[in-house]
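Please model the entire structure based on the sequences and the hints provided.
Protein sequence lines, in the order shown, are assigned to chains A and B.
Residue numbers for the first sequence follow the numbering used here, so the first one is 260 and each next one is one higher.
Residue numbers for the second sequence follow the numbering used here, so the first one is 9 and each next one is one higher.
Derived from the structure by calculation, the hints contain no laboratory data.
Among the hints, erroneous ones may be present.
[As the list claims (entries may be wrong)] Computed cross-link-like contacts, DSBU-like style, restricted to lysine-lysine with a CA-CA straight-line distance of at most 30 Å: (1) B:K128 - B:K151; (2) B:K151 - B:K176; (3) B:K266 - A:K299; (4) B:K127 - B:K176; (5) B:K151 - A:K280; (6) B:K147 - A:K280; (7) A:K346 - A:K383; (8) B:K36 - B:K176; (9) A:K280 - A:K565.
Computed from a prediction, not measured in an experiment: that's the story for all the values here.
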Amino acid sequence: MSDDVLLRATDVVKNFASRRKVNGIRTLNTAVAGVSLEVKRGETLGIVGESGCGKSTLARCLVQLLPVTSGSVEFNGVELTTLSRRKLRPHRRQMQLVFQDPYASLNPRRTVGDIVADPMRINKIGSDAEIASRVRQLFETVGLDPSSLRRYPHEFSGGQRQRIGIARSLSLNPSLVVADEPVSALDVSVQAQVLNLMTDLQDEFNLTYLFIAHDLGVVRHVSDRVGVMYLGEIVELGEAEALYETPLHPYTEALLSVVPELNDTDAPRRERIIISGDVPDPSDRPTGCSFHPRCPAATEICTSEKPAFVELRPGRFVACHHPRNTDSVASTN
Amino acid sequence: MRDLSVSFATRQGVVQAVDGLSFDVGAKEVLGIVGESGSGKSVAMYSMLGLVRDANVSISGSVRFEGREILGLSDTEMQSVRGGEIGMIFQDPMTALTPVYTVGWQIVEQLRAHNDMTKKQAYVRAAELLAEVGIPDPKSRVKHYPHEFSGGMRQRVVIAMALSCNPKLLIADEPTTALDVTTQAQILDLMGRLQATHGSSIVIITHDMGVIAEIAHRVVVMYAGRPAEIGPEVEVVRAARHPYTWGLLGAVPRADVKSRRLVTIPGNAVSPLDVPTGCAFAPRCQYRMEICDQRPALRGANDHVDACWLSDEQRLAIRSTATQRGAS
Numbered sequence: 260m261s262d263d264v265l266l267r268a269t270d271v272v273k274n275f276a277s278r279r280k281v282n283g284i285r286t287l288n289t290a291v292a293g294v295s296l297e298v299k300r301g302e303t304l305g306i307v308g309e310s311g312c313g314k315s316t317l318a319r320c321l322v323q324l325l326p327v328t329s330g331s332v333e334f335n336g337v338e339l340t341t342l343s344r345r346k347l348r349p350h351r352r353q354m355q356l357v358f359q360d361p362y363a364s365l366n367p368r369r370t371v372g373d374i375v376a377d378p379m380r381i382n383k384i385g386s387d388a389e390i391a392s393r394v395r396q397l398f399e400t401v402g403l404d405p406s407s408l409r410r411y412p413h414e415f416s417g418g419q420r421q422r423i424g425i426a427r428s429l430s431l432n433p434s435l436v437v438a439d440e441p442v443s444a445l446d447v448s449v450q451a452q453v454l455n456l457m458t459d460l461q462d463e464f465n466l467t468y469l470f471i472a473h474d475l476g477v478v479r480h481v482s483d484r485v486g487v488m489y490l491g492e493i494v495e496l497g498e499a500e501a502l503y504e505t506p507l508h509p510y511t512e513a514l515l516s517v518v519p520e521l522n523d524t525d526a527p528r529r530e531r532i533i534i535s536g537d538v539p540d541p542s543d544r545p546t547g548c549s550f551h552p553r554c555p556a557a558t559e560i561c562t563s564e565k566p567a568f569v570e571l572r573p574g575r576f577v578a579c580h581h582p583r584n585t586d587s588v589a590s591t592n
Numbered sequence: 009m010r011d012l013s014v015s016f017a018t019r020q021g022v023v024q025a026v027d028g029l030s031f032d033v034g035a036k037e038v039l040g041i042v043g044e045s046g047s048g049k050s051v052a053m054y055s056m057l058g059l060v061r062d063a064n065v066s067i068s069g070s071v072r073f074e075g076r077e078i079l080g081l082s083d084t085e086m087q088s089v090r091g092g093e094i095g096m097i098f099q100d101p102m103t104a105l106t107p108v109y110t111v112g113w114q115i116v117e118q119l120r121a122h123n124d125m126t127k128k129q130a131y132v133r134a135a136e137l138l139a140e141v142g143i144p145d146p147k148s149r150v151k152h153y154p155h156e157f158s159g160g161m162r163q164r165v166v167i168a169m170a171l172s173c174n175p176k177l178l179i180a181d182e183p184t185t186a187l188d189v190t191t192q193a194q195i196l197d198l199m200g201r202l203q204a205t206h207g208s209s210i211v212i213i214t215h216d217m218g219v220i221a222e223i224a225h226r227v228v229v230m231y232a233g234r235p236a237e238i239g240p241e242v243e244v245v246r247a248a249r250h251p252y253t254w255g256l257l258g259a260v261p262r263a264d265v266k267s268r269r270l271v272t273i274p275g276n277a278v279s280p281l282d283v284p285t286g287c288a289f290a291p292r293c294q295y296r297m298e299i300c301d302q303r304p305a306l307r308g309a310n311d312h313v314d315a316c317w318l319s320d321e322q323r324l325a326i327r328s329t330a331t332q333r334g335a336s
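Here it is in structure tokens:
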């Protein structure tokens, strides 16, 4: 593995038993259907997708909060999926999570100082005095007043709570921070504060982010590279700017075309491509390409043959039989 | 709507949820009300429709619907207006529908409450409405329960209900917030088309400036229960006047343009228990002046007004330095 890859996932699959039965046999909900990706040191990889596409499940599988059904996850060159819980611990320290709901992810019965100190106590890092000073320092880092250490989560606003969650995730000096919808519960003005904070912290501590969100604007803003998920698969992956400017997968193209735009310049807006229907049931996946029932470009082959996830341009992967905008990619490259 | 004020007496003191809100909605107009959580945008609409039932609430002002005062109507009088001439679309389609009855039953109930129809006629009409909002196989879908629909389909059912009595005004409270972006596009598209065919006016409440830009003709920006800025959509988005609107617009990460550092508004939204006597935004405003301790009135040219003490020259200077910084 090259040095600049921090996390590599290969063909990660996660099935859950579904409640639906066919001929008396429980079917499987395939939440993650064979995802391969690399997260490079120091970068932000954004994962974007609609609800139910498996992006959160993927995150949990990558940090081993959920056991994978099959596939491999290598972190710093070490295969994680086969390690015992005890052997996993030193690696876990290196990857921390920031959760979506700043209300549910902080224990309401512990002071915020304890919440931030707990990871260090659990991992027996430093003396009590060292931990206490580190907590104060972390509070200052994320823009909170260290004098509020003894307060409880309910005394803080949503944005402040998210800062506490971020402080906790940084307490063990992780190399990878997995942020699962960290700003979607916040109002726009507070969301902007937290996003700016995360950018600053990345520069300061040389962090690698795996940033999961459904908001296309947020993902473009934070990410160096972006993966687009649909029904448990990554359908397109590439540099953020290139992917947003010239989407190759019809799903990405449609998704981007319908984001409400501010329309604050005279530039013509993208033509809206409204895809009909809903996301299929993950226990009853379409044959061939999983997007074909809703795809405006689908042909015969899409219903029968699953498109391979290929590198169409350097660093640009797409799983589609009929990629879009290939002419313009050729001309801009 | 003229000078609507809504306040709640609480143990901690009086919460002024809406403070002097005035606006007009023209025929066939789409008015957007935008603001962050707690800005009073929903409470204003609910109290206008008599949906705020709280012993501690006091509502004052005037709301005229086609010239008729509807604030303070009796419950029975209000019931004929609500759901009849004024339709509502709520944020969460699952809570807006009763889980224990079929969607057909719910639409029929509303139809029969406002129209003289037999059950049979109403069921036929219900199926037509479902077809109109793009639900496939409407004749059998009327017999289904809300949980058998997806989120987007449920919102379509709610829209069908709201449209059932051909309302002249439709009030939509965050109609797409709970939906995914592709579904949101379907619903916004549907609302736009229905508005064109039915010719009804729409008041859409949202926190998303993008949604406003997509559908609204005019915008009311609310902060701490007060209107900060009111104007045509294009003008508010391209030539916003109020510092709060600047912050709101700059804070949105964009999917359509290359990213830059986000503009942040320092601090948190003011507590509704403790709204400053002067300009409500002053404590967070970087252009604060001495005069901001007094409450600014809405002023401006034509139909674009805002509540801020900055002079036109000052705004021009601020905006041009901001553009220069943005360009460099």
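A quick look at each hint next to the structure:
For a cut-off of 30 Å, the pair hint linking K128 (chain B) to K151 (chain B) stands: about 13 Å separates their Cα positions. The hinted pair formed by K151 (chain B) and K176 (chain B) meets the criterion: a straight-line CA distance of about 28 Å does not exceed 30 Å. Proposed proximity of K266 (chain B) and K299 (chain A) is supported: the alpha carbons are some 22 Å apart, at most 30 Å. Under the criterion of a C-alpha separation no larger than 30 Å, the hint pairing K127 (chain B) with K176 (chain B) is consistent with the structure, at around 24 Å.
In summary, the hint linking K151 (chain B) to K280 (chain A) is supported, as the alpha carbons are separated by about 24 Å, within the 30 Å threshold. Taking the CA atoms of K147 (chain B) and K280 (chain A), the gap is about 27 Å. The hint holds against a cut of 30 Å. Note on K346 (chain A) and K383 (chain A): the hinted pairing holds, with a Cα-Cα distance of about 16 Å set against a maximum of 30 Å. About 8 Å separates the Cα atoms of K36 (chain B) and K176 (chain B), which keeps this hinted pair within 30 Å; it holds.
Using a Cα cut-off of 30 Å, the hinted pair K280 (chain A) and K565 (chain A) holds, with the two alpha carbons roughly 25 Å apart.
In terms of the numbered hints stated before, the structure departs from none.
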